[in-house]
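Asker: As a plain string of letters, each chain reads:
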Amino acid sequence: MLARDDQDSLKQTPLHGLHVSLGGKMVPFAGYDMPVQYPAGVLKEHLHTRNAAGLFDVSHMGQIALRPKSGKVEDAARALERLVPQDIVAIAPGRQRYAQFTNADGGILDDLMVANFGDHLFLVVNAACKAEDEAHLRANLSDDCVIEQLADRALIALQGPKAESALAKLCAEAPAMKFMDSGPHRVADLDCFVSRSGYTGEDGFEISVPAGDAERLAKTLLENPDVMPIGLGARDSLRLEAGLCLYGHDIDIETTPVEAALEWSVQKSRRSGGARAGGFPGAEKILAHFDRGASRRRVGLRTEGRAPVREGALLFADATSGEPIGKVTSGGFGPSLNAPVAMGYVPVASSAIDTKLFAEVRGQRLAVQIAAMPFVKNTYKR
Amino acid sequence: MTTTLYTSDHEWLAIDGDVATVGITDYAQSQLGDVVFVELPKVGRTLKKTEAAAVVESVKAASDVYAPVTGEVLENNAALTAEPALVNSDAQGAAWFFKIKIADKSELGGLMDEAAYKAHTA
Chain F
665 MLARDDQDSL KQTPLHGLHV SLGGKMVPFA GYDMPVQYPA GVLKEHLHTR
715 NAAGLFDVSH MGQIALRPKS GKVEDAARAL ERLVPQDIVA IAPGRQRYAQ
765 FTNADGGILD DLMVANFGDH LFLVVNAACK AEDEAHLRAN LSDDCVIEQL
815 ADRALIALQG PKAESALAKL CAEAPAMKFM DSGPHRVADL DCFVSRSGYT
865 GEDGFEISVP AGDAERLAKT LLENPDVMPI GLGARDSLRL EAGLCLYGHD
915 IDIETTPVEA ALEWSVQKSR RSGGARAGGF PGAEKILAHF DRGASRRRVG
965 LRTEGRAPVR EGALLFADAT SGEPIGKVTS GGFGPSLNAP VAMGYVPVAS
1015 SAIDTKLFAE VRGQRLAVQI AAMPFVKNTY KR
Chain S
435 MTTTLYTSDH EWLAIDGDVA TVGITDYAQS QLGDVVFVEL PKVGRTLKKT
485 EAAAVVESVK AASDVYAPVT GEVLENNAAL TAEPALVNSD AQGAAWFFKI
535 KIADKSELGG LMDEAAYKAH TA
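Protein sequence lines, in the order shown, are assigned to chains F and S.
Remember, the numbering used here sits 664 above the position in the first sequence when you count from 1.
Remember, the numbering used here sits 434 above the position in the second sequence when you count from 1.
Hints are computed from structural coordinates only; laboratory data are not their basis.
All values derive from a computational prediction rather than experimental measurement.
Cβ coordinates follow ideal geometry from the N, Cα and C atoms, glycine included.
Any given hint could be a false lead.
Stated by the list, open to error - Calculated pairs, BS3-like style, for lysine-lysine (alpha carbon to alpha carbon, straight line, at most 30 Å): (1) F:Lys883 with F:Lys708; (2) F:Lys932 with F:Lys1045; (3) F:Lys708 with F:Lys1041; (4) F:Lys1020 with F:Lys1045; (5) F:Lys689 with S:Lys482; (6) F:Lys1041 with F:Lys991; (7) F:Lys1020 with S:Lys533; (8) S:Lys552 with S:Lys482; (9) F:Lys842 with F:Lys708; (10) F:Lys708 with S:Lys482; (11) F:Lys932 with F:Lys949; (12) S:Lys552 with F:Lys991.
Said to hold, decoys possible - To list a few chain S residues with every Cβ distance to chain F over 12 Å, as calculated: (13) Gln465; (14) Ala486; (15) Asn522; (16) Lys539.
What the hints assert, rightly or not - To spell it out: a stretch of chain F is covered by chain S in this simulated footprint if at least three of its residues, at any positions, have a beta carbon under 8 Å from a beta carbon of chain S; those stretches are: (17) 788–795; (18) 993–1005.
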């Protein structure tokens, strides 16, 4: 249990009162008092998101505006390229891209979304990293950009096959948006930023709303019988089934984007031979991983039995002896698959799909098999 | 005539002579959430009091179930392995975990009755 002082120091999002009134079971997460589940429970919340629509409070995440001092968004994009291995210049107005802040060793400091809002960039970063990310941006980009933490905004994710119809009632432009479109829109007559993206593998939206209006918007969305509030428990099982990384678990300062199987997120223009190759922290190591391969790789894992294999479980090449060859970084039960799912790191030589390995759980070696991710097919509207 | 006692770790024991039927309490299942996997002790295994005897896993996490008394496992509930969600629907009935032959009845002395357990979880 947390000491009283710690509980008192937990921050609350603008939707805290709503979570409590909906019966949310509140737990500390990244310094915030957040709902891990509501009375429906993780299983029902997960399946409802896959079958209808789920509403998630992700207001704990950091929202940052990066405004170019020159007034030209390309200058902010060029500046940000000094900190990430992504092609930011090529993000068209109204579009967003997945990126990582890297460090000098090629490790990942945080993963984030970067949107081009026409005259500035809009960043969404992880809650646990947001103070460090802001300091990192200020230390490196202050000559070119004004960096503004948008602490007065909440963030609501609406995910699932009914997300589009639910949001369309409040934002007529929403159905025309495509996966990774992002920009300012009026939602229920409020000044919001809407992106067609999420962290579940489902079609859906993330809506940045002024903090003071967040509860009213969430309540309006929840009046729709298709929409159910979803806690962090199901958010984790949904993203795991979708094969998406959780920062601090599946990726961190010890993993490069290549080891993390995130090559798709690094555009050719930033790789060796590209127009703007390198020029980001850890470029030497990351480009070497691109050019000559890394020694280990993040893979998906399925189990033969029903026992979940969880974070920290060691992976072995055989059932009996030997040193571990890898480790599980996320694992649990996938409600849509009705089976355990996990991801972890293994040597590249053992990373082929269908490779049989063993995971040690409570002293027993359980048979696991490397499986393609996502485990559940994504339904993005491209 | 059976007596039901409780541990501070949220196991219940229904005692009938020198046999105790053991499960987890309704309070425990409500705290765990949706149960997706149960691992039971083998019949014939001798458990020591407070030893990890079974595992119950929800979507979120794995938890140990401890032996509330020392003794030999006489039976385990195969229905739970097939249908772990029984723990959520009938924790203090159909979802018993195992039956144990109580080696030393004096070990029951430290356990709680229903009123004490209610106060413990209040």
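Asker: Against each hint, give a clear statement of whether it holds in the structure.
Answerer: Verification of the hints:
1. F:Lys883 with F:Lys708: 20 Å, holds
2. F:Lys932 with F:Lys1045: Distance of about 24 Å is within 30 Å: holds.
3. F:Lys708 with F:Lys1041: 19 Å, holds
4. F:Lys1020 with F:Lys1045: 34 Å, violated
5. F:Lys689 with S:Lys482: 34 Å, violated
6. F:Lys1041 with F:Lys991: Distance ~25 Å between Lys1041 (chain F) and Lys991 (chain F) Cα, so the pair holds.
7. F:Lys1020 with S:Lys533: 36 Å, violated
8. S:Lys552 with S:Lys482: Cα-Cα ~26 Å, so holds.
9. F:Lys842 with F:Lys708: 28 Å, holds
10. F:Lys708 with S:Lys482: Violated - the C-alpha atoms of Lys482 (chain S) and Lys708 (chain F) are around 37 Å apart, more than 30 Å.
11. F:Lys932 with F:Lys949: Given that 30 Å is the threshold and the Cα spacing comes to 16 Å, the pair holds.
12. S:Lys552 with F:Lys991: At roughly 41 Å apart (the allowed maximum being 30 Å), Lys991 (chain F) and Lys552 (chain S) break the hint.
13. Gln465: Nearest chain F Cβ is 9 Å from Gln465 (chain S), so the label is violated.
14. Ala486: 8 Å, violated
15. Asn522: 8 Å, violated
16. Lys539: The claim holds: Lys539 (chain S) sits with its nearest Cβ about 30 Å from chain F, beyond 12 Å.
17. 788–795: That given contact is violated, which follows from only 0 residues of the region 788–795 of chain F lying within Cβ reach (below 8 Å) of chain S.
18. 993–1005: Per the Cβ count (4), the hint holds.
Violation of the numbered hints given earlier is confined to hints 4, 5, 7, 10, 12, 13, 14, 15, 17; the remaining hints are satisfied by the structure.
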